[in-house]
Structures are given as C-alpha cells and as structure tokens.
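K.L.:
Sequence:
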Amino acid sequence: MKTSTPLWLLGALGALSITTGTPVAAADPSQWTCETCPFEEPGVSGSVDVGVGVVTKESARFGDFTGLDRKGGHLIAGGEASYRGKAGGFGSFSATDLGLDSRTLAGELGREGRYSLRIGYAELPRHYTDSASTPFLGTGSTLLTLPAGFPADTTADMPLAGTLQPVDIGTKRSRLDVGASLIGSEQWSYRVNVRHDVRDGTQRGAGSFFSTASQLVLPVDQVTDRIEVSAAYTHRALQASLAYHGSTFRNSAESLTWPNPFTAGILGSGSGQLALAPDNEFHQVSGTLGYQISPKLRASAELAVGRMTQDSPYLAATLNPNLVVPALPAQSLRGRADTLDASVRLSAQASDRLRLSASLTRNERDNETPSNAYPSVSTDLFVGLAPSINLPYSFTRDRLKFGGDFRGPGSLKLAAGVEYDTHKRTLQETSRTREASVWGRASVQARENLSLSLKLAHAERDNTGYDAVASLQPQNPLMRKYNQADRRRDTASLRADLAVSEKVSAGLGVDLANDDYRHSDIGLTRARSAGISGDISAALSDTTQLRLFAQGERIRSDQAGSQLFALPDWTGRSDDEVEMLGVGLTHNALKGKLELAADLAVTRARSDTDVDTGSAAAPFPKAKTTRDTLKLTAQYRMSEKLSLLGSFWYERYASKDWHLDGVLPATVPNLLAFGEQAPRYSVNVLRVALRYRF
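Take numbering that gives the first Met the number 0: the last position of the sequence shown gets the number 693, and nothing is skipped along the way.
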C-alpha cells in the first residue's frame, strides 16, 4: 500500500530536530515527490488506427471539406502518441485521416515551464462542382483555347455536342505551421509562429464581350506566408505584450486569357484578358497593456498599427486591336492603406453585487492609394467618353460602451449596457452614421429545477445626410444603401431550462429581431427574423443516453425599387425558412467493452422570392434543399490494448435551384454556360479499423 507524508508533518519534524539539537542534513526540495498528484506518469503512451473505408458514390458536394469525394476504397490511418519525462520534458504527436485529402498532422516537443516547439500540417479540399462542362481547352492554366468550329453567332450554332468536356472545379489548400515558445524568466515569455499556405486548383469565373458572356474556369495558384513574433511580460499587477504580424500573398496566376467563342463582328475583339487576385502584403505591430490598479479596479489597453500594400502591374485596357485607347496614367495601382486599431477598457468591482465596465474602441483605415482617371473600355468594344476614377475609400469607427452586472437577491442576476457607434466615411453617400443602442438581460432560478433568462435590445441609427458621390454614376436619389441608411432595430431572446427529473432535462429558446429602414423609399425597407429551438437530454439507464434537438428559423426581407428612375413602382420580398431536427443515442454494453452511438439529423430549407411589378408575371420558383444524415459508430474493446472500430455514414442531399436547373451550355443563346446543375446525391460510407494502444 502506498503512503505519503504531509508537508506540514515534515515541517514539524524538522523543527523538532532543531530544538533537540540533533544535526540533520539540509533538505533538498528537488527530491520531493507528490505521490497523490494527478500528473501523468513518465513514459510513452498512445494509439494507432489502421483500417479501410468504402464510399459508394462519387460526389463533389459530399466530398467538400471531407475528402470523401471519390467512389471506392480508401485507407484509414492515424493515431496519437505522447511522451512525459521525469525532468519535465514532454512531447506529443497526432495524425488523422492520412488516407484522405483532408489529412492533418501535429506535433509538439518541449519542457514544462521552459520551452516548446510545434509543427503542424493540414490539407483542406474544396470541391465546388462536378457537373460543369466547357469547350475551352487548357483549363487550370492561364491561357484557354477553343477547338475547331468556333466562334459562332449563338450557342445553338456552336459544335458543343463534340467539344464539351466535363471539368471538376475545386481547390486544395496545404498548410504548414511551425512555432516555438520560450519562457525566458519568471516575467518574460516569447512566441514565434510561422504559417505557409499553398492553394491551387480552379474556381468559377466569367467574361463578356458586349452582349455575349461565357463561364470560365479560373486557375488558382496562390501562396500565403504569415509570421507572428511576440514577447509578453507579467509581473504582479502589470501585464504587457508586444507583437509583430506579417502576411504576404503571391499569385502565380496573375491573369487569364481566353478566346471569344462568339462571332466578334468587324469591331469586336477575338480574345479577352481578365486580371486575377494581385500580390499584396500586410504588416502590423501591436501591443497590449493591463494593470491592476487596485484589488477592485483594472485597466487595459490595446494598440495595433498596420499597413496594406498592393503594387502589381496593370494589364492592358483591352486586347482589341481595333480600339485606340489612351495611355494609362500609371503602370500599377501603388495601393497603400494604413490601419489603426486601438481600445481602452476599465472594469471595477463597485461592490460585492455590482460590477461596472467601460470601453472605447477606434478602428481606422486611411487609404493613401493615388486617385487617377483611367480610360474606360466597355466590353472590349467601345472606349468610354468619360474616364473611370478609382476612389480610395477610408473610414474611422468609434465605439463607446458602458455596462454593468448586478447580482440581486436570491438567484436574480441583472445586466445592462449602453453603446454608441460612430462611423465616419470618405467618398461614400453618407459621411457619418451614428447608432445608439441599449440592452438589458435578466436571469433567475425561478424554481429549484427551472432557470429563465431574457435579453432585450433596442438600437437606432441615423446619418448626417445622403448625397451622391461625384465620381460615381448617378443613382436614384431615393435609394438608400442598407449599411448606411437610417435604421431602427429591436431584438429579444428568451431561454428556459428545466430539470424534469434527475435523469431528464429540457431547454427552450426563442429569438426575435426586427429591422425597420423607415426612411428608405428605395432599397431594403424592412427585415425580420424569428427562431425557436428546443433540446432534451435523458439518461434512459446507467448505460444509455438520449439527446433530442429541434430548431426553426424564418428570415423575411422587403425591398422597393423603381424601373423609371423615379418613385418606387415595384416591391420584392424574400422568405427563407430552415428547420432542423436531430436525435442522438449512446449506449454501453458488455460491461463497458462495447460502445455504441447513433446520430440522425434532418434539415429542410426553402427560399421564396416574390416580386410585384403590377403585372401578371409568373413568380420565381422556390429554391429547396433537403439533407438527411445518419451516423452509426461502434467500438469494441477486444483486449486492454486492442479495439475494433466501425462506423456507417449515410447522407442524402437534394436541392432545387432555378438559377442552375435546366440551364445547359446552349440554353441561353448569348451565354455559354457550364450547364452546372443543383447538387443531388445519396452516399454511404462504411469504415472498419483496428486501434492499438501502447
């Protein structure tokens, strides 16, 4: 039987030995051990998973993020390991989904209280569609070509039957993380984190010539590098940190050139060029400071200063040799924007029951990009009469907040706050918007088994006037942009949690919101949302747990427009509804050797757009999405070190989208489309693996 000696007893024995005058050796604390502390035992432990999986059907949508896009078998490989040394050394390693394109690896090595080294690698697949097709050759490159038979007057005249080829559109991101932490002394610590992101593949795009357009496959070949270096100081009441963040983005695919699949005419262009994401950089220096002024008063501040730059060379204004275009005023944008983010916060414990806080936050974006007049070219066919002027948009946003938390009698808890938000803009229709909001929250244990909480909020936003921007094409003077328009917002949320018994609990929540753009004649005029959610958990027995949840939400938006650049003469309404229902069950059998779990989730979503122009035009079709998911898992412990794992995943997805359904490559005479259809699939995934623990 293990025994331990309390430290107070060791101290008493030491004092007794001194009083008796018996010489003793000096105590060596480094040799002391705690036999009852819950620390990990020194050594190596971990597990290894090896198995096989099968996917019954190929689907880009199902494989988006998961890596399970291909039909057939795949390897299951992963595991984790940890090391703990006697002198405080430690290490860990984990790997998941090594047989898929969504694999991750992570490792850490160090010594407790001294340093740590980290490394990680992850891949993230994105599969946007597998139902697209195109006659263009060279997809994935920066130069597209067309086979024989092009160009043609309309899509019906194009030789699409023999030239269309399927194309999968998607990207793959590979991420490498390396980091280190060092504790230099009792007060100082340092961190360095480096990230290297590589993203390649393809994505959707489009290009046009006058009245014709084509959907294009854009190449993706991008690299993003980030570095963060920080130092932190902590000493009694003072905490401070200083950090640097740097980010660079490089795009090896700077542009896309493609031939015009439609007959260009005498003055038209036979090819076009489209600029892709430009190279850019962002650098920022930040600092934080916190000080405990007194046991009941604390102050903190944050400051970050950054700069964004972009100076990639311009493309030619057009590739049409029939147009005479004036020279560009500059060879590149010479873009530069300075950022400032600062905040101060003060919190005070006014009494045992009352806590107060106040904060002020400022966000600035000072765009120093030169403003130039550029020759405008419309659809590679006309040189515009008036040049286009780039507008270096800047803003300053100040937010002032006051809040308080009060612990009332019994279980009553109250909280309230006031916020002021001022947003100043340049080169926008509104130079300043101001929003004031007030909120309150109350929670109480109404009964021993019932808790209630309620939150209410009200906000009003107004602006200093809505005027046209001189350098922009005039809009209807009655139109208001929703993010700058006057708005009145009310929100409410209610939550109730009930312990029905020792084994059953339930919860119910309701959320309501209403936005009223009362001074917007044209634009978004009103938005409302309502949501309700409920959940139940029950312990059916000592070995069986049941979970149920349901949630529904409805969002409605109203807008008004004008066809004649005058008073509103049409209205539109969009209704979005989402319902979700789920049930989960876990069960332990065979005296804990067998663990079973089942999860079922059902989702239904509908979107309805109704436009009233005063005519008898047919309404837009409804867009619908259904998704049913069933997951079954089992784990059987064959021995102390060996377990058998099994899982089954069924998912059915169906959608109707009038934007896509029935729009084939030749459906629209002047649009060469992908012919992409709304996704539908029914997929089964079966996986079996062995787990060995050591």
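Please keep in mind that the hints were generated in silico from the structure rather than gathered at the bench. Treat the hints loosely; a few may be bogus.
Unchecked claim - Between beta-carbon pairs, the in silico distance windows are:
| id | residue 1 | residue 2 | range |
| --- | --- | --- | --- |
| 1 | A414 | D337 | 47 to 53 Å |
| 2 | G383 | D176 | 45 to 51 Å |
| 3 | D176 | V382 | 35 to 41 Å |
| 4 | P294 | T602 | 46 to 52 Å |
| 5 | K630 | F381 | 56 to 62 Å |
| 6 | S504 | H586 | 16 to 22 Å |
| 7 | S442 | A300 | 28 to 34 Å |
| 8 | L288 | L471 | 38 to 44 Å |
| 9 | L384 | A300 | 49 to 55 Å |
| 10 | T602 | A86 | 50 to 56 Å |
| 11 | H586 | Y114 | 43 to 49 Å |
| 12 | W187 | T602 | 35 to 41 Å |
| 13 | H586 | L74 | 28 to 34 Å |
We put the CB at the ideal spot given by N, CA and C, even for glycine.
K.L.:
Confirm or reject the claim that S442 and A300 have a C-beta distance inside 28 to 34 Å.
P.N.:
For S442 and A300 the Cβ distance comes to about 31 Å; the hint holds.
K.L.:
Does 43 to 49 Å hold as the CB distance between H586 and Y114, or does it fail?
P.N.:
holds, 45 Å
K.L.:
If I claimed the Cβ atoms of H586 and L74 lie 28 to 34 Å apart, would that claim hold in this structure?
P.N.:
Since H586 and L74 have Cβ atoms about 29 Å apart, the given range 28 to 34 Å holds.
K.L.:
Given the hint of 56 to 62 Å, is the C-beta distance from K630 to F381 inside that range or not?
P.N.:
holds, 57 Å
K.L.:
For the range 38 to 44 Å, tell me whether the beta carbons of L288 and L471 fit it or not.
P.N.:
holds, 43 Å
K.L.:
Could you say whether the range 47 to 53 Å given as a hint is met by the Cβ separation of A414 and D337?
P.N.:
With a Cβ separation near 37 Å, A414 and D337 fall outside 47 to 53 Å, so the hint is violated.
K.L.:
Taking the CB of G383 and the CB of D176, does the distance hold inside 45 to 51 Å?
P.N.:
holds, 48 Å
K.L.:
Using the Cβ atoms, figure out if W187 sits within 35 to 41 Å of T602.
P.N.:
violated, 50 Å
K.L.:
Starting from the range 46 to 52 Å, see whether the pair P294 and T602 falls in it by beta-carbon distance.
P.N.:
holds, 51 Å
K.L.:
Assuming the hint says 35 to 41 Å, is it satisfied by the Cβ distance from D176 to V382 or not?
P.N.:
Roughly 49 Å apart at Cβ, these two residues miss the hinted range, so it is violated.
K.L.:
Would you say the C-beta atoms of L384 and A300 sit inside 49 to 55 Å of each other?
P.N.:
holds, 53 Å
K.L.:
The hint says 50 to 56 Å between T602 and A86; measuring C-beta to C-beta, is that right?
P.N.:
Holds - the Cβ-Cβ distance for T602 and A86, about 52 Å, lies within 50 to 56 Å.
In summary, the structure is inconsistent with hints 1, 3, 12 from the numbered list given earlier, while agreeing with the others.
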